[in-house]
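K.L.:
One-letter residues, chain by chain:
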Amino acid sequence: MSFTLEGVGFTHANGHRALAGVDLRVAAGERVALIGASGAGKTTLLRVLAASLRPGSGRVELLGSAPWDAAPRDLRRLRARIGVVHQAPPIPPRQRVVTAVLAGRLGQWPLWKSLASLVLPVDPEGARRELARLDLAERLYDRCDCLSGGQLQRVALARVLYQQPDLLLADEPVSAMDPALSELTVALLNDEARRRGVTLVASLHAVDLALRHFPRVVGVKDGAILFDLPAGQVSEALLRELYAAEGGLPLAGSPLPSPSPEAGPAAGTLPPLRCA
Amino acid sequence: MSRRAGVSGGAVLAVGLLLAAVAGSFAWLDMPLAALFTATAVEEAGGFVARFFPPDLSAGFLAKVAWAGLETLAISLLSTLLAALGGAVLALPAAGRHGLAGRHAARFVLNLLRSVPELVWATLMVLAAGLGPFAGTLALALHTTGVLGRLFAEALENSPPTPAEALAGGGAPALVTFLYGTLPLVAPQWLAYALYRWEMNIRMAAILGFVGAGGLGALLYYSLSLFQEAQASTVIIAMLAMAVAVDGASAWLRRRAGA
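Protein chains in written order, with the UniProt record's numbering: chain A, 1 to 276; chain B, 1 to 259.
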């Protein structure tokens, strides 16, 4: 079992109830998409799964340990095994790409190694390898503020790949990307999870991406789980109920859009990322 | 409250109060402004200024000035460096990174250090550590720690927390989180503040000698006490040259750092 949530609830300090009575069991190696309207509680759920938010009620078990009963040291060890792809790339603009990618293993490295790497990157080849999968290897020593928004997203992705986590979480990883890059990113996350046999949980705003790439889809509505089904069994009626408040299904668009100047290079020059 | 065009009554009142305060200050301080412009006063002032020229450029005295100048430079550099370190250490709790109690305690210490002027610190340090450059360095370092700590803390509070949070979420220890996630965000600003304070400290280090804390100031005080205006003039020129040089060096460094 990769993780177990039992009756998990969380209420914000302002009284807003973000999660209520969430039960979710996911086995190791499963790939799960979280879908639902904005404000449904997907991000809160992912933060609970990342062991960065302590739920107000219920039981949490992640990768075989109970994070909130553990000593601080063990909690840090657990977090080092969980990789999170954030909605906005959390990278200081003045940092070099190589440092930003190597930062993925700061939770695993001993202190001296992290400090030494600030002076001279200790594993530039490892960083280059992950960047090469994202077609960014030649930007290894550039500063992150020289990159475009899409490139920065890919650097953040390379960092999580370099971390090699046992539980891979992604919070709206493609919300700021064009359709072609979204498709590639989601495919890459799925490839990585399959290749290493690790669990992947991604929240996605675009329903079609979720249904196309993930075997299991969980619909979140008003802080609770509305349905938890194999992708093939998610019906039109369920989706309509899920997005009732938004008045329509959010879609990412076709996987291979007509070649436009912006989307062209990303789609054309990333051979290792072909969709499954 | 309704808003309307034009100057508010409060603004008129404020300007009126300010003018009254200026007039009151003149009356209270009994400043004989007119006496400044009488013929004898102008003549006396001219004579006073003339005694400063030409400056004493004898080799022996120049060597003395150069030595004192080096001492002043060393005082300013060392004190600014110590203050930057102390400021960084105090800025972290002052920015609220270690809880509310830590924030209040750190802010109190910074306020205390900052609100005592350099000259008062120097007088205290001369009493505590004896005459000489060590007292001057400590005095400048203490006051500057208060200033830099406050500025560093504000830079920290205004920097986005997400990079550090992401690293902490990945299990990185606190020190590493700071070095990888926070320092790159605030480093240019911290450097600019430290260099700016270095410019101010070189001028301050030149003055601290007046209370016995070494450097060019001690030499100036000595010359003036003995009415050796020509030598005082050399020292003043040296102070000016050093201030200009440090301003230039600091501006160059800041440009290089892209701050």
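You may find that some hints are simply not true.
Only part of the chain B face toward chain A is listed, based on derived beta-carbon distances under 10 Å [to be verified]:
1) VAL116
2) ALA166
3) GLY181
FRET-style restraints, in silico, Cβ to Cβ [claimed, not checked]:
4) B:LEU85 with A:PRO72: 19 to 29 Å
5) A:ARG94 with B:ASN111: 48 to 58 Å
6) B:ASN111 with A:PRO93: 24 to 34 Å
7) A:ARG54 with B:ASN111: 51 to 61 Å
8) B:LEU85 with A:GLU138: 32 to 42 Å
9) B:HIS104 with A:GLU6: 39 to 49 Å
Treat the hints as calculated values from the structure; they're not laboratory data.
Every residue, glycine too, gets a C-beta built ideally from N, C-alpha and C.
K.L.:
With reference to the structure, classify each hint as holding or not holding.
P.N.:
Hint by hint, here is what the structure shows:
Among the interface hints, the one on VAL116 (chain B) is violated; its C-beta lies about 35 Å from the nearest C-beta in chain A, farther than the 10 Å criterion. Nearest Cβ of chain A to the Cβ of ALA166 (chain B): about 4 Å, under the 10 Å cut. The hint holds. A hinted interface residue such as GLY181 (chain B) counts as satisfied when its beta carbon comes closer than 10 Å to some beta carbon of chain A; here the least separation is about 7 Å, so the hint holds. Taken as a hint, the range 19 to 29 Å holds for the pair LEU85 (chain B) and PRO72 (chain A), whose Cβ atoms sit roughly 28 Å apart.
Between ARG94 (chain A) and ASN111 (chain B) the beta carbons are some 31 Å apart, a value that contradicts the proposed interval 48 to 58 Å. A beta carbon spacing of about 32 Å between ASN111 (chain B) and PRO93 (chain A) agrees with the range 24 to 34 Å that was offered as a hint. The hinted range of 51 to 61 Å is not satisfied by ARG54 (chain A) and ASN111 (chain B), whose Cβ atoms lie roughly 35 Å apart. Range check, LEU85 (chain B) to GLU138 (chain A): Cβ separation about 38 Å, and the 32 to 42 Å hint holds.
Taking the beta carbon of each, HIS104 (chain B) and GLU6 (chain A) are about 40 Å apart, inside 39 to 49 Å as hinted.
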